[in-house]
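First to last, the protein sequences are chains G and L.
For the first sequence, the numbering used here gives the first residue as 3, with consecutive numbering after it.
For the second sequence, the numbering used here gives the first residue as 138, with consecutive numbering after it.
Hints may contain errors.
Under the rule of at most 27 angstroms between Cα atoms (straight-line distance), these lysine-lysine pairs were calculated in the BS3-like manner [what the hints assert, rightly or not]:
#1 L:K213 / G:K247
#2 L:K217 / G:K344
#3 L:K170 / G:K89
#4 G:K374 / L:K213
#5 G:K247 / L:K191
#6 L:K441 / L:K240
Derived from the structure by calculation, the hints contain no laboratory data.
Bear in mind the structure is a predicted one, so any value in this text is a computation, not a measurement.
Here are the chains, one letter per residue:
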Amino acid sequence: MELNQLTIKNAKGGLKAKKFSSVELTKACLEQIKKHNRELNAFITITEEDALEQAKKADNLASQGQAWETKPLLGIPIALKDLFSTKGMKTTAASNVLKDYVPEYDATVVKKLKDAGAIILGKLNHDAWGHGASGENSDFGPTKNPWNKEYVPGGSSSGSAVSVASDMCIAATGTDTGGSSRQPASFCNIVGLKPTYGRVSRYGIISMASSLDSIGHITKTVEDSALFLNVTAGKDANDATTSSKPVPDYLKDLKKGIRGLKLGISRKDLENVDDEVKKPFLFAEKQLKDLGAEIIDINLKYSDYAIACYYIIQPSEVSSNLARYDGVRFGSVRQNFGEEAKRRIMLGTFTLSAGYYDAYYRKAMQVRTLIKQDFENAFKQVDAIISPVSPTLPWKLGEKINDPLKMYLSDILTVTANLAGIPGLSVPIGFSKGLPVGMQILGQQFSEAKLFQIGHAYEQTTEWHKMKPIL
Amino acid sequence: MIYKTVIGLEVHVELKTKSKMFCGCSADYFGKKPNAHTCPVCLGLPGALPVPNKTAIDWCIMIGLALNCKIANFSKFDRKNYFYPDLPKGYQISQYDQPFCQKGVIALSNGKKIGITRVHMEEDTAKLTHQGDDSLIDFNRSGVPLVEIVTEPDFETAKEVVEYLKKLQQIVRYLGVSNADMEEGNMRLEPNISLRELKTQNSKLKSELPNYKVEVKNINSFRFVEKAIEYEIKRQTEILNVGKTPVQETRGWNEDKQKTVSQRIKEEANDYRYFPEPDIPPIRLSEFQISNFKSQMPELPDLKLVRFTKNYGLPRYDAEILTREKELSNYFEEAVRAGKTFEVNAKQITNVIINKKIDIENIMPAELIKCIVISKKINILDNKKLSEIINKVINENPKAVNDYKTGKVQAIGFLLGKAKQHFPKGDANQIKIALEMKLK
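Input sequences plus hints: build the corresponding full structure.
Here you go:
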């Protein structure tokens with residue numbers, strides 16, 4: 003196994019045991035980036051020199067011992083979605099509007115990752131501003147799915163999923179406003195987390211839709227995901243929407259197993275799912291049962307309205323959040339906004355306008371409350387809910403780009419978690435036609451530990467997560 | 138034709154909190170180097186988020202309570218979306234339909250009650266300066282906490298408006314939450330003025346409002362408010378008298394021209410696309426918290442005035458002067474306490490403070506009492522009489538005056554002696570100071 007193929011856990015083990023150095027590990031990742039980024043287009047910015055310098059420092063610190071206590075990611079090379087502000091390092095939002103923008107400050111999560119000793123390899127491609135489900139809306143060109151380069155890797159965190167799936171880095175950050183971490187993870191056969199709203203600080207991460215944005219990450223295993231959240235989670239004085247609930251050790255209950263846990267399935271929502279996805283999902287259901295979980299049918303009454311509700315609230319907030327990009331103080335002129343951003347600005351401006359607000363925005367907020375209650379009721383019966391991540395397999399590049407509505411509908415199974423503010427974990431559950439399929443595990447607010455517990459138990463009995471694409 | 142003037146007021150009061158409304162930057166921007174007090178939040182940089190200043194919210198609620206408002210159990214911030222270079226986020230964080238305080242009332246001296254529609258919290262914008270073809274932006278003011286106080290259209294004269302404004306200024310100063318200095322721009326006002334036609338002089342006042350209103354901006358002193366309102370009444374009357382309706386617009390007071398000038402004609406209401414600010418969770422206040430606020434309110438000028446007349450037996454006129462500023466009223470009460478042991482009563486203290494125009498920053502209350510005790514033996518002189526005598530002495534002794542002015546400072550002794558003859562028991566120091574002032 004190449005060094006760049008390691009998980010966080012194994013890389014840490016190797017570094018601690020001095021089997022290899024962080025410089026070697028970082029070089030292996032940079033090598034892989036050089037080999038494949040031209041084709042896959044996962045990175046917008048690569049910070050080779052800086053990364054190697056940081057790796058050297060990490061090796062020095064590691065040699066002094068003890069550093070591992072306070073620096074759980076010491077020497078681990080990761081990459082950041084280009085929505086994360088990085089001090090002195092270009093942060094483009096994958097849009098021409100910000101193509102030369104260099105932030106004055108680090109996002110809280112970036113600071114935490116740096117403090118934890120992580121090595122930043124560079125900034126990752128994604129749908130501009132986070133708008134999209136295929137990665138094709140980037141002004142820096144589309145990212146390709148490593149499992150089949152004619153197919154989309156999902157979005158918006160396209161580069162995050164691809165860089166991890168193709169072993170260009172050990173882990174990557176992502177954001178998830180309507181499925182942007184979970185869906186590309188499922189399209190690329192890796193693990194994606196959308197934490198509870200308010201669990202991870204949004205400060206310094208370019209806002210898409212503030213009431214829906216969750217700061218997630220993409221890893222090779224569930225255990226890595228838990229390890230990563232241990233670093234990023236927690237109250238931030240700079241983000242008033244973060245919760246002061248104590249952060250548990252997410253690794254603690256990881257290996258507890260799932261015997262006796264109740265898992266809910268909303269059968270009605272499977273009707274919209276293609277057979278190529280449904281089959282592996284139903285098989286995963288059986289595997290979970292074999293592991294001792296009890297499967298219970300639940301009824302999410304309002305899930306049919308989720309997409310409509312989401313595509314009112316989200317563009318409304320987008321239209322307001324993008325107002326600051328007026329080209330007056332930083333960035334370039336507004337003409338540089340892409341089609342999708344313009345579409346959402348217009349949609350949102352319309353739905354917030356006097357005379358339409360009540361019919362659209364207010365109504366959507368009311369539906370949102372019902373969807374939230376739907377989940378609250380469901381979690382009275384079950385410990386978690388499982389469902390496919392995407393109703394379809396990854397599609398061909400260009401296939402949906404001229405049909406925005408079709409593209410929006412691919413979010414149908416993921417947006418509910420954002421509307422309800424609950425966490426979701428996406429794990430690989432197999433392949434159809436050579437393309438990956440993923441399952442999401444949804445839990446009540448702040449139940450990430452339980453999601454890891456379920457995901458890990460499942461992962462232990464399957465080999466899917468170990469499959470690597472041939473690049 | 139007879140018209141009734143209808144005036145409503147919007148007043149913005151800038152709070153003097155240490156930090157800004159949504160970030161840790163200093164809120165003290167007056168006269169500071171441009172853009173020295175800025176950070177990602179008040180510059181509206183990508184990814185920056187607002188965190189509300191608790192003190193500012195507390196102070197907004199205190200202002201609401203002082204204006205007898207109902208305090209909301211549930212309140213939230215909203216985004217007011219519009220483009221302007223002084224607004225870095227493209228929206229102002231304000232409060233739309235659920236402000237902290239609503240439905241208050243304040244009484245004027247004629248007994249008339251002015252309804253307070255709402256008191257809400259928002260952030261100030263940056264400051265634009267235009268130099269030739271360039272426009273410069275100073276973000277030091279961006280995000281400074283502002284409290285907006287909106288009244289019902291209950292005012293009928295400029296005098297009422299000015300009285301209300303002075304009262305409001307006094308209240309926020311009493312609360313210690315703002316300097317409320319109009320020249321420095323930490324108290325800004327926008328009256329809405331229109332005229333309603335009365336069929337007969339006795340027509341009901343509470344009938345429909347006129348179908349237009351004129352907003353006047355750029356008023357930065359009490360004197361200008363009065364002039365601007367008087368001018369508008371005259372201007373609008375003339376238009377109405379020829380059977381026309383004044384244009385609904387925003388006008389600005391031009392002090393040089395002594396008139397209001399049209400600034401912007403509002404063709405339709407701006408659509409600010411308000412929606413709840415998703416970056417700030419709603420604020421919930423329990424009845425317990427609200428009653429806590431109430432119990433922590435300092436004594437306000439109206440009540441203090443009543444207490445001064447009652448407890449100290451002061452005439453209303455004196456009590457009014459003493460309570461005009463919190464510092465003076467505190468000074469007075471401290472002096473009263475100090476005076477007790479020396480049998481100096483409140484009335485004597487009042488007389489000295491008011492008539493002798495005591496400099497309360499430099500003479501401690503205890504010192505004042507000491508002076509009063511001494512002056513019972515040595516007269517503290519009446520300023521007016523002293524001034525007459527000094528004029529007389531100066532006129533009668535031109536040589537000594539000339540000597541003094543050409544540098545022979547000791548000549549003052551001669552003049553002092555002359556003056557002292559008129560006040561054998563008078564305080565020599567007081568006379569000397571008065572002399573020196575005159576000779577300056």
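Quick rundown of the hints versus the structure:
no. : hint            : in the structure
1   : L:K213 / G:K247 : holds (22 angstroms)
2   : L:K217 / G:K344 : holds (20 angstroms)
3   : L:K170 / G:K89  : holds (25 angstroms)
4   : G:K374 / L:K213 : holds (20 angstroms)
5   : G:K247 / L:K191 : holds (20 angstroms)
6   : L:K441 / L:K240 : holds (24 angstroms)
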